[in-house]
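Novice: For this one, chain A is given, so just place chain B on it according to the hints.
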Amino acid sequence: MTTTAPRSSFTAQASNYLDERTSISTMVSALGRKVFPDHWSFMLGEIILYSFVAILLTGTFLTFFFEPSMTAIEYDGSYVPLKGVEMSAAYASTLDLSFDIRGGLLMRQVHHWSALLFVAAIGLHMLRVFFTGAFRKPREINWVVGFILFILALAEGFTGYSLPDDLLSGNGLAIINGMVKGIPVVGTWISYLLFGGIFPGDDIVPRLFVLHIMLLPALVIAFIGVHLVLMVVNKHTQFAAPGKTNDNVVGAPIMPLFAAKAGSFFFIVFGFLVAIGSTFTILPVWDFGPYDPSPVSAGTQPDWYIGFADGALRLAPGWESEIFGLTLSWNILLPIAVLGGFIVLVMFYPFIEGWITKDQREHHIAERPRNNPTRTAIGAAGIWFYAVLWAAASSDLIATHFHLNVFQVTWALQAALILGTVIVYWITKRTAIALQKKDREILLHGYESGNIRRLPGGEYVEVHEQLDDYQSWKLKAYESYAPVMVRPNANGRITPATHLRSAMSRWFFEDRIEPITRSEIEASKHHH
Amino acid sequence: MATRKKTGRRHPLASTALLLIGLVAAGGASAAVGTIANANPAPESAYSQSLTVEDGAELFRANCATCHGMNAQGTQNGTSLIGVGAASVNFQVMTGRMPMAFQGPQALKRDPMFTQEQSDAMGDWVASLAPGPERPAEEWLDTSQVSDEGLANGGVLFRINCAMCHNLAGAGGALTEGKFAPPLNGVDAAHIYEAMLTGPQNMPVFNDANIAPEQKREIIAYLRYLDDNPSVGGFDLGALGPVSEGLFIWIFGLGGLVAVTVWLTSKPN
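Read top to bottom, the protein sequences are chains A and B.
Residue numbering for the first sequence follows the working numbering, beginning at 1 and increasing consecutively.
Residue numbering for the second sequence follows the working numbering, beginning at 1001 and increasing consecutively.
Mixed in with the good hints, there may be bad ones.
Derived lysine-lysine pairs resembling BS3-like cross-links, with alpha carbons at most 25 Å apart [stated by the list, open to error]: (1) B/1267 <-> A/474; (2) A/244 <-> B/1267; (3) A/34 <-> B/1179; (4) A/235 <-> B/1179; (5) A/476 <-> B/1267.
Since the hints were made in silico from the structure, they are not lab data.
Remember, it's a predicted structure, so these values are computed and weren't measured experimentally.
In isolation and in its complexed conformation, chain A is listed as follows:
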């Protein structure tokens, strides 16, 4: 070849070199066209991902200096009030990270704040998915994967919180030890197994360390991978609008626009976390002293995401009974059972709702919460239930700060937990239905324009105006379910499961507001 072929640039040559050996262009062209809807609530998951990256980076720095050992040593660092005090190597190395290693305190604080943000963002992201019904077919499995990630995040948080081996986190471990020992028969043995002997022992910090930096992060990364692959396979949901249907996704493709936005958002999240970590202190472990099983502190709380479990312990009645010489501590068993039930219900909610609706279709349109009043009400009641348990973890601070009696605070929270959940369910359901009725009214009769006209006869009327097509589509485009009828199966029998499903279905959809029909709109137009 003597003719001069057009000289390709270095970039072109390099990408060609890569592509011939990896076929990466197929992936880039496929992934680069993945479309992201342009609604803010679809970016909550990114906050999770980016704060997780911040956790990984700062956490790696911390492992360089942290010593996961409970060997007793005498502290000889810079923090004067602990000089000469006996403590574990883990606590001493945490103090060194805070006072003697350049940048260590910043890294610790960014790591911890990122962890709090990570779990908070997971919570908000799950609520978005729940309230828009984005967990429905085909995304049920991804909901479960996401929920496992949430549980893993809690485990990561708790193991990390316990690592510094300070008095506050040690109090937390003592509570866990007590809960484990409260399980009849096997509890004591499980506790011995966990702590390698009698609590606290010398083994728990190294064990938690391995979980915290190896097993749990590996699981989190693996499940994030599955979660994201399923997200690409299933595609995003989107809110209904003209041109946005169940069969397409409208938004910006990854390349180039969304990648630019997401990339800059990563730096915003990271910068935000560093700004918080450098200006706001978090868990000043030097104030707490080394762990020692005898002292206990007033106002001991776990990090916020474990708060609901602490609150459940605080709200549980102090019942105790004895069977065959076994003491059953209901103040421990009841919270474990209730929280366990709550977690299982949330985890399997997509399958429960799918069974009730008997709906086998795929759903790619995110529902407005009002258009499924019962689900929205269940979600709101769940939030209330969780929030009351969470608030109960700070019952002592509520009492001291508002000069209340801590017993009365506890009774009020117990009442709020049980009665409040029912009331919140009812109010939310009625509100959602009322909002649907308002939408219907606006579609049929237009909205009040504020424009008052006097008719020739002297009568005053307010002019109602119709929404434009874009706005009215948002109000019209939803589907409603009719309650499932009790029908005999192939054998001509009506099983108890059929009765149950029909009852649940009536509970969900009996007082539904049907979507507006074409004929109703036509009729309303003739009327005016």
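Specialist: For chain B alone, coordinates are given in the frame of chain A:
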């Protein structure tokens, strides 16, 4: 009727902003007036330098006897003060807990109603009724005599004896039936010492056999250290631990980032 131009209309948030300005102004004004009203110090008597035990008895009968009895023997409403000692009187009077502001689960701290001399005179009179814990000598309040090891030991003693009610960082905590252990920041050294010595209200007594005067001084030195060395990691969010941290990350952390997502996905008008 012609539609009014948009420029002529108030911004939708104008009334909210106006309300906020009004509230801030009214709140600020009332806080300022309150500060001025509370600014007058405890009454200074011209003859306060030379108060005797007899003056103390007079002051006691005029101000305390309604509840504690004319001879400090106690009534239905107040305990006997025979044998409580001058230390107890000084703590209760000079922290403003006595005379009590109002009946409640626990006497609350406020500006003292008496001068130091008046309180001392009453203390001397109460001490003259029967022997009791005396006010600490200056030596035991002088934290400059505490070495670094003493400071660390004070921390250890604090965690073992005090943190259970007063919290590891001395932030205070709740007790039963509306009672509480108060926060310990900024408390006068004499008052900390006297509280340990006399066990006011729900606090247990830590006598000199239990915690020696040197050790009490170390505890005071540790609390002073916490007071004098502000949070090294930045703003401490009220030093309330994970509760305020959790609220902060939800409201400002997540709230701020959600605002950013709204901004990133907003469309040009």
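Novice: For each hint, tell me whether it holds in the structure or not.
Specialist: Comparing the hints with the structure gives:
no.: 1; hint: B/1267 <-> A/474; in the structure: holds (18 Å)
no.: 2; hint: A/244 <-> B/1267; in the structure: holds (17 Å)
no.: 3; hint: A/34 <-> B/1179; in the structure: violated (60 Å)
no.: 4; hint: A/235 <-> B/1179; in the structure: violated (57 Å)
no.: 5; hint: A/476 <-> B/1267; in the structure: holds (23 Å)
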